[in-house]
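Following the hints, position chain B against chain A.
One line per chain: the protein sequences are A and B, in this order. Going letter by letter, the first sequence gives residues 1 to 266 in the numbering used here. Going letter by letter, the second sequence gives residues 1 to 335 in the numbering used here.
Rather than coming from a laboratory, the hints here were simulated on the basis of the structure. Certain hints may be false.
[What the hints assert, rightly or not] Here are the in silico distance ranges between beta carbons for each label pair: (1) B:Arg91 to A:Ala87: 44 to 52 Å; (2) B:Lys25 to A:Val208: 32 to 40 Å; (3) B:Met1 to A:Phe203: 58 to 66 Å; (4) B:Glu241 to A:Ile178: 23 to 31 Å; (5) A:Val138 to B:Asp130: 57 to 65 Å; (6) B:Asp130 to A:Ile4: 18 to 26 Å; (7) B:Met1 to A:Asn84: 58 to 66 Å; (8) B:His213 to A:Asn91: 14 to 22 Å; (9) B:Arg91 to A:Val208: 22 to 30 Å; (10) A:Val201 to B:Arg12: 36 to 44 Å; (11) A:Arg174 to B:Gly58: 33 to 41 Å; (12) B:Glu241 to A:Ala256: 53 to 61 Å; (13) B:Ile295 to A:Asn91: 52 to 60 Å.
Every residue, glycine too, gets a C-beta built ideally from N, C-alpha and C.
So the chains spell out like this:
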Amino acid sequence: MGTIKIYWALAMASMRARLQYKASFFVLVFAVTLFYAAQLASLFVVMSSFKQINGWHTGDMAFLFGLLTFSLGVTTLLFNGLQNFDALLINGEFDRTLVRPLNPLAQLMFSRFEASTVAHSVIGAAALYYGAKMSGIVWTPQKAASLPFVIVGGVLIQGGIRIFVNAVAFWTLRNAAIVHTVVFSGREFVVYPITIYNAGVRFFLTFVFPIAFINFYPAQFFLDKTGETLFHPALRSLTPAVGLLVITISLYAWKAGIDHYQSSGS
Amino acid sequence: MIEAVNLKKEFRVNEPGEGTFGALKALFSTRKRIIRAVDGVSFAIKRGEFVGYVGENGAGKSTTIKILTGILVPSSGSARVNGIIPYEDRRRNAANIGVVFGQRTQLWWDLPVRESFEMLKAIYRIKPDDFAHMMKKLSSVLDLGPMMIIPVRKLSLGQRMKCDLAASLLHRPGVLFLDEPTIGLDVLAKENIRTFLGEINATEGTTIILTTHDMNDIERLCGRLIMLDRGRVIYDGLTNELKQRFAREKLFEVEFRVRPPSLADVPELEVVEERGSKLSLRFRDGAGGDLAAVIGKLAAKYDVKDVSVREPSVESIVRSIYEKTLSLPPYRADG
Numbered sequence: 001m002g003t004i005k006i007y008w009a010l011a012m013a014s015m016r017a018r019l020q021y022k023a024s025f026f027v028l029v030f031a032v033t034l035f036y037a038a039q040l041a042s043l044f045v046v047m048s049s050f051k052q053i054n055g056w057h058t059g060d061m062a063f064l065f066g067l068l069t070f071s072l073g074v075t076t077l078l079f080n081g082l083q084n085f086d087a088l089l090i091n092g093e094f095d096r097t098l099v100r101p102l103n104p105l106a107q108l109m110f111s112r113f114e115a116s117t118v119a120h121s122v123i124g125a126a127a128l129y130y131g132a133k134m135s136g137i138v139w140t141p142q143k144a145a146s147l148p149f150v151i152v153g154g155v156l157i158q159g160g161i162r163i164f165v166n167a168v169a170f171w172t173l174r175n176a177a178i179v180h181t182v183v184f185s186g187r188e189f190v191v192y193p194i195t196i197y198n199a200g201v202r203f204f205l206t207f208v209f210p211i212a213f214i215n216f217y218p219a220q221f222f223l224d225k226t227g228e229t230l231f232h233p234a235l236r237s238l239t240p241a242v243g244l245l246v247i248t249i250s251l252y253a254w255k256a257g258i259d260h261y262q263s264s265g266s
Numbered sequence: 001m002i003e004a005v006n007l008k009k010e011f012r013v014n015e016p017g018e019g020t021f022g023a024l025k026a027l028f029s030t031r032k033r034i035i036r037a038v039d040g041v042s043f044a045i046k047r048g049e050f051v052g053y054v055g056e057n058g059a060g061k062s063t064t065i066k067i068l069t070g071i072l073v074p075s076s077g078s079a080r081v082n083g084i085i086p087y088e089d090r091r092r093n094a095a096n097i098g099v100v101f102g103q104r105t106q107l108w109w110d111l112p113v114r115e116s117f118e119m120l121k122a123i124y125r126i127k128p129d130d131f132a133h134m135m136k137k138l139s140s141v142l143d144l145g146p147m148m149i150i151p152v153r154k155l156s157l158g159q160r161m162k163c164d165l166a167a168s169l170l171h172r173p174g175v176l177f178l179d180e181p182t183i184g185l186d187v188l189a190k191e192n193i194r195t196f197l198g199e200i201n202a203t204e205g206t207t208i209i210l211t212t213h214d215m216n217d218i219e220r221l222c223g224r225l226i227m228l229d230r231g232r233v234i235y236d237g238l239t240n241e242l243k244q245r246f247a248r249e250k251l252f253e254v255e256f257r258v259r260p261p262s263l264a265d266v267p268e269l270e271v272v273e274e275r276g277s278k279l280s281l282r283f284r285d286g287a288g289g290d291l292a293a294v295i296g297k298l299a300a301k302y303d304v305k306d307v308s309v310r311e312p313s314v315e316s317i318v319r320s321i322y323e324k325t326l327s328l329p330p331y332r333a334d335g
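Next comes chain A alone, as it looks inside the complex (with noise of 0.2 Å):
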């Protein structure tokens, strides 16, 4: 419990650091709530002219990004710290870390508090609303009892995705490209249902890297597209599973590059 106390301490501790910052603080949370929007928007002119991809409405899709960003918003909350964690290497910040009679990962998940988590969550609640609304989703208590389940799932698949790409920095030092790469250029291929690429991708998508469990295979259980099954139904309801699965693996992994950094001192 006292445990608890302080992570919460330093995470109160690093959005007053943030709000020290007020200007920037409310044009970053404008700013990408604007992106996050006209994202949207752009979908909604796609699907205007298409009406349908291989059986997905708008609403669906609508339903789709809601899913992807809302989760978005929850992970950029817990896991911004890890941003441009390379520099914390290089400058030799990271010390501090170890110093201190806590978890280094945890200090680090708590140390920094990013407005766009705010625009995340907005637009993501938002989207998921009305494309629920749109696509008609019968609530059912199993699916309103899962949807909380989807969320987390969502979060530890990125989160985990985070700490993974972030643990390699032990190694090699500069990874801002492959960070920013693997963190936000990815996520693009999901704002679509992965049924429009060729096998391969979707295998990718479903098994290797496999974000197509943050919205895809959720949203095919939330809007019963019972038609249509990619590799088994099962999956649709894998979504927590797979985030523990992912967590667990980073986890490894970010241990790994601690003892590396503890016997290389780099």
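For chain B alone, coordinates are given in the frame of chain A:
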């Protein structure tokens, strides 16, 4: 309290290429060079000691400190701080030590100083009474009052160092590691920090290890001195003993009424510097060093107006050792 036994630390570094083309080539080469930063360092430090840890850049000072604080794992050998192996039990060790890296702050850059202290109170689980007590003590000695509401990024270097020192001591660590705490500070600020460190060592009984390039820090504070050269200990002993050992390095400032053409009658001394009728003299290498006898001899032979004797500073001794104009006997760690 602190124990290092035959500590070694090797780093593998990529052979850097020369020039841009070489750097490109190095990108694809797997040639590694092994650098031994710490090469068999042993020492034992007792509770309450104030030890200066000196050496030139790259001598292995920071690497040793990083091992003792749990940041690095040694390649071989072992270390214990307060009975804990720092690199195996990093978090437990962290709770018992304070660390100040002069070049970096451990405070929250964008928050007022007070909030950083509050954060550390939470992190180290300091009881409210202890916190209030320490806070009162530290802020009266370091005069922190006026800084408390200022964001850390707006502090001067000297102010920031005071706050960093306070931050490292809030949880009353048994051991304090200081890596260049006076670097970049002006004379007055340095003096304040030194006074404070002396006081903490005396009143809290904190064991302190200080790395520094400023020998005045050592002279003022450190009863004991450990000198490193290329990863090895070359001196470990009392600071005063080092000074006595090189007492022959004492300089005589002698002012003559009539400047003698030569000092042939006092062959023990050699001239270091001349300024008119004032000569700086010192014992010639290998000469016996009886101070009183030599001064008596000088006064008997020549018309001497004034004599003063200058103690060699630790600074000049250490500099001479590294410049190889003075040599230490081979060092053996005993025990």
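*asked:* If you test the structure against every hint from before, which numbers come out violated?
replied: Structure breaks hints 1, 4, 7, 9, 11, 12.
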